[in-house]
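Visitor: Read off the chains here:
Protein chains: 2
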Amino acid sequence: MAQDLDFIFNPHSVAVIGASDNPLKWGNWISKSLLESTWEGKVYLVNAKGSIVCGKETYRTISDIGEPVDLALIGIPAKFVPDAIRACVKKGIKGIIIITAGFAETGEEGKKLEKELLETARMGGSRIVGPNCAGIYNSAVGLNATIVSFLRGPLTLISQSGNFGLNLNFFAKKRGLGFSKWISFGNQADILFHEYLDYVKDDPNTRVILMYMEGLKNGREFLKVAKETTKSKPVIVLKTGTSAAGTRSAASHTGALAGSNEVYDAAFKQAGIIRVDNSYELLDVGEALAKCPLPKGNRIAILSDGGGDATMAADAAEREGLEIPSLSKETQEKLSEVIPIGAAHSLKNPVDFASEADLWCFANCSKVLLEDTEIDGVVICGGFGSYKDTFPGFENVEEKISPVISQLQRRYNKPVMLESNFFLEKPKSLEILSEQGMPVYGNVEIAVKSMSCLVKYRKYLDSSREDKEEPVCFSTDRSNRIKMVISKAKDARRMSLVETEARSILKEYGLPVSDFKLAKNKEEAIKIAKEIGYPVVMKIVSPDIIHKSDAGGVKLNLKNESEVLKAFSEVINNAKIYSKEAEIYGVIITPMEDKGIETVIGMTRDNTFGPTVMFGLGGIFVEVLKDVTFRVAPVTKRDAYEMIRQIKGFPVLRGVRGQKAADIDALANIIREVSILAIENPEIRELDLNPVFAFENGASIVDARIILR
Amino acid sequence: MAQDLDFIFNPHSVAVIGASDNPLKWGNWISKSLLESTWEGKVYLVNAKGSIVCGKETYRTISDIGEPVDLALIGIPAKFVPDAIRACVKKGIKGIIIITAGFAETGEEGKKLEKELLETARMGGSRIVGPNCAGIYNSAVGLNATIVSFLRGPLTLISQSGNFGLNLNFFAKKRGLGFSKWISFGNQADILFHEYLDYVKDDPNTRVILMYMEGLKNGREFLKVAKETTKSKPVIVLKTGTSAAGTRSAASHTGALAGSNEVYDAAFKQAGIIRVDNSYELLDVGEALAKCPLPKGNRIAILSDGGGDATMAADAAEREGLEIPSLSKETQEKLSEVIPIGAAHSLKNPVDFASEADLWCFANCSKVLLEDTEIDGVVICGGFGSYKDTFPGFENVEEKISPVISQLQRRYNKPVMLESNFFLEKPKSLEILSEQGMPVYGNVEIAVKSMSCLVKYRKYLDSSREDKEEPVCFSTDRSNRIKMVISKAKDARRMSLVETEARSILKEYGLPVSDFKLAKNKEEAIKIAKEIGYPVVMKIVSPDIIHKSDAGGVKLNLKNESEVLKAFSEVINNAKIYSKEAEIYGVIITPMEDKGIETVIGMTRDNTFGPTVMFGLGGIFVEVLKDVTFRVAPVTKRDAYEMIRQIKGFPVLRGVRGQKAADIDALANIIREVSILAIENPEIRELDLNPVFAFENGASIVDARIILR
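Order-wise, the sequence lines are chains R and S. Under the working numbering, think of the first position of the first sequence as 1, with each following residue one higher. Under the working numbering, think of the first position of the second sequence as 1, with each following residue one higher.
No lab work stands behind these hints: they were computed from the structure. The reader is advised that the hints may include incorrect statements.
The list cannot tell twin chains apart, which means a pair is met if one copy fits it or any two copies do.
[As the list claims (entries may be wrong)] Think about it this way: if two alpha-carbon atoms lie no more than 35 Å apart in a straight line, the pair counts; the simulated DSBU-like pairs of lysine-lysine are:
| id | residue 1 | residue 2 |
| --- | --- | --- |
| 1 | Lys111 | Lys348 |
| 2 | Lys329 | Lys217 |
| 3 | Lys32 | Lys400 |
| 4 | Lys367 | Lys112 |
| 5 | Lys173 | Lys400 |
Put together the whole structure using the sequences plus the hints.
Guide: Right, here's the structure in full:
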């Protein structure tokens, strides 16, 4: 069930605390916005001096208002805010929007103040938007509690930065794009990111959700809500604060703690959220998703009236993972029928015609390309929109062509977008295209990027529908057994488990660990080696020795009793030399296994998203290239496969230099089970399976470390 | 000495062949441009019908003009062009600009036609710009042989695409940016890319050279000229046609054969050319290089009036390799003195102040930041330019602040650039900034990118000045000896050398190949093994067996006579089984060497740039990750070092997992010598040293292949 924030977004009455007639003050602009909006609720203006504001009588305090108030907007200096909140709570106001800045984003002092507000509100059952925000807009009821005006439209923005949201609206308006809801929420002291998302996810007027994110306070809840949302609506995010300095700035801005960029990236992938990299891409990509049907595949045709645009579009398409297939003979013939003889530079794709001959080529060629079942979408680029000025005789031709082009998208149910070098001039022909539902862009790169985002979203929808995951099995039995292992370690004040303990836990999840046993003395060592079968591996078991090899605590390929005896003495001796104080439990004996392809599987707890699994190839791949992928736990088998395929070294697993392909399924299983283990055992802080050997059939965990909280 | 194209760019008289009064025709627009331009030369209009054009008498043919003509502009249909060229040659016209399209870019037919033109022109001593171009502009004499108008300014554009050039000028004009020279040259049938560059490189009015490149026809000459040019002027390139489809489109557009993207990238690096990735970046980066002093280092301060801009700028800075250092206490204190109390969100860097309090913070904080010797440049971002509309009372304040900010750049001789969300509105305050020499941008990413390009260019200048390379030693002796080896192989109709031959050539360059000798029989094998010293390696030597290991033709670590004997029989037998017809020269015997870090060094001949060297780490790094770098030969030691440092796996060479660092200098020497070998021996098509073991001291070439032309 969706979050109900109607008491904020659809109130019956609003009070502005800090209403003012001073045109330099926020309290003036927002009072005007509210009074001028089409919203039909009641507006109460509160002004400490009780003066007339915007021609209206004001109340000196909130308690002077005789009638009930649903929502309060607070825009007075920070030091007066706590009192105002107390008054609101006393008055029984359920929704409070604090525009005022100067709280958690400014440091310790501000954090304390913010905490105080929150406690007051919580005790009174009131909820807070902000502080340090720019208000909200809800087109459904015409409520405008911001300092700017909006067009109605299919976009909803959820933004942590007020300025960013205001700028986005500025550009949106210029392009005739409007909002269903526009939310700036600043520090998210109380209502969190995912609650806003949850509230708008079923909004019938919202077709696309745009987000500006600096950091989440509850990553797991956000992920859950986002997964639900993307089933029916595209969500596009600009996540900032990815650099050290950016985090410094983001932290000072909204007081949010940014999680690691890689884990955010993983979470977005899991939730089907489209991530853009640059500030200007958010609106552009949003426009495409709001206007275009989703393409069936990634095979795109590029149509141009000449010049370098086609080449640049093709280059960009390759970078974005789109295919620009050569056109079939039939399609090339059809094209040559609609292009004047001798005018075409290329019929292959990109299709390049000399438009000076016949501007209708823009429409006619598009039609031919859309009819081709091997083409999933069309990007038109070049000079459309500029001909009326450059070529006398073409005065109104473009304006006649525009409606024809824009119809094609609906008729063939394939995305069509246009890039014009004349975008900034806003000629009528481009405005017609835009109004009639086509995205229009100012450079080819962003047009192609937007097309690629349509492809990405469609691909996500398709693959997530296919994802029939078997349910996760929780087991109380194993849970109890694991608790005992962990308690024992905790009782001994150990923060990490020794290898025998770690292996026993992995076994509970059916993970591929070979036979093993702890030998406390020579006699046990010989006995166990025989049981396990020669050759064997011997490793020191001590809670105080983490880097076993460094301590001379590992002996490989022991072939017989005498080698085991010798190894035991050496390993124990080495350990004592390495660390005098080390408590030694004995040695672990395991079979000597063949060397497979070295991989690493791990689990860690992210500050924002909690338990998170990692996969990578071992050795230099992890150490030098940091070629690893993350996902938030639990992961499905599909997620795990995607993780494995995503690393740059993936070809190694498919087999290079005559090696056989590795058992990807076995690796995916381990990742999946590790992710369940992470959920079931909150006492385990980190887990490191390094290496895990992948074989042609199966995989084997060769070493394991588990660290407790 | 610079190329003299003055007869084209500074003619005394110009004839327009195809002049027309039809406002739909190119011949009309270009006649107007010429007549309206301030150029003081004579314009002759040639029109087949002899009608009045632009109010001027015309000539029916070029030969009707009684006076000498320096430059002809041709804009008649392709099929009439050859005759026109003949007439021009007959008339003794030295410069011909062919605007007309329909030549090499359209296919075989067009290529023939273009060849014909070229031959006619060459025989007559005339030179051609184009065909398929949009003309030229030269501000020095006011000559405008294009269809648009220009502002005078410090930029020069050299563009293969006419449309791209026209668009760039459209945007440049909007931003008050002008050109010294503007050159569109299309198919470069005759005058090549580097000749234009050579012509403008010493132009006193050109401060920055922008290039739009699809493909070069003479990469080596270009590289030479570019290296000279960047010593005194920044050169920025947008290279397109990097994708398969893009190449398809570029080829159809200008008939140029695009070289491999990686080699272009390498050549740009060697020449100090700044490469941008997107169409819109060329002008933006050009503006920065035209206006700003170069920064001493990469330590940048970001100043913002709040919001997400600072965060986004910091993120972008990290991506672009800029440093955003935390500010010193002193600087933070100075900042706090110029920012109203309580207004600042952060003084650390990014510096974030609440401008509503005092707009002068934009200037005052910039000053403080520029005074800091630990800051090399400042990026200002946010809402500057928008306050006059949003906040009554700030009407003209911004316009007063602009001149103060723009002075700071000159005063502190550090680059300052500004991003404004109000960029598109073109408020007066921003126009003042721009006019007074500051780059102004519409988004933070491009501002930061431009700053990073200033840093890059400065870095290139510094390091190329430091580069005191010892002169290359050519040797006739070795040259003769090598020729003999190659002749012998050629006489035997072999396309590749056997390992003993390859090694003998490498030795001529002092490259680290271990002792080796060819053994034709068992007796020789034993003798040689003893001479070289056990243990040894034995490999088959046969011109017909390239993959020696696959043929069972390699035996490692032979410790004594009996092992050598056994190995010899096996190797020879295996070879015969592997290929019955194989001619067997014998076996090569070399010392068994320790395994170092595996690297690969190679040489190949690029279609565009000729001999090119490659470096990479061996094994999966090359095979899976394609983690290799290229440079055009010859390379300096500095180039070679840069190549080595540039690969992603470089940390492996610095030592990981307890391995010692490799001898980078030894590797750089090999790369350098291989590049000289490539230049000295044009008969060698490709060379592959794989693997080359790198040790703590020195390196060793373990296997070598040389392929002949």
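Visitor: None of the hints should be skipped; say for each whether it holds.
Guide: For each hint, the structure was consulted:
For the identical chains of this complex, lysine 111 and lysine 348 are inter-copy neighbours only, at 18 Å across copies versus 62 Å inside a copy, given an alpha-carbon limit of 35 Å. For a Cα distance limit of 35 Å, the shortest separation of lysine 329 from lysine 217 across copies, 31 Å, qualifies, whereas the shortest one inside one copy, 56 Å, does not. With identical chains, the CA atoms of lysine 32 and lysine 400 are at most 35 Å apart between copies only, with a shortest distance of 30 Å across copies and 41 Å within one. For a Cα distance limit of 35 Å, the shortest separation of lysine 367 from lysine 112 across copies, 34 Å, qualifies, whereas the shortest one inside one copy, 63 Å, does not.
When the C-alpha separation of lysine 173 and lysine 400 is checked against a cutoff of 35 Å, the pair qualifies both within a copy, at 25 Å, and between copies, at 29 Å.
The structure fails none of the hints (numbered hints given earlier).
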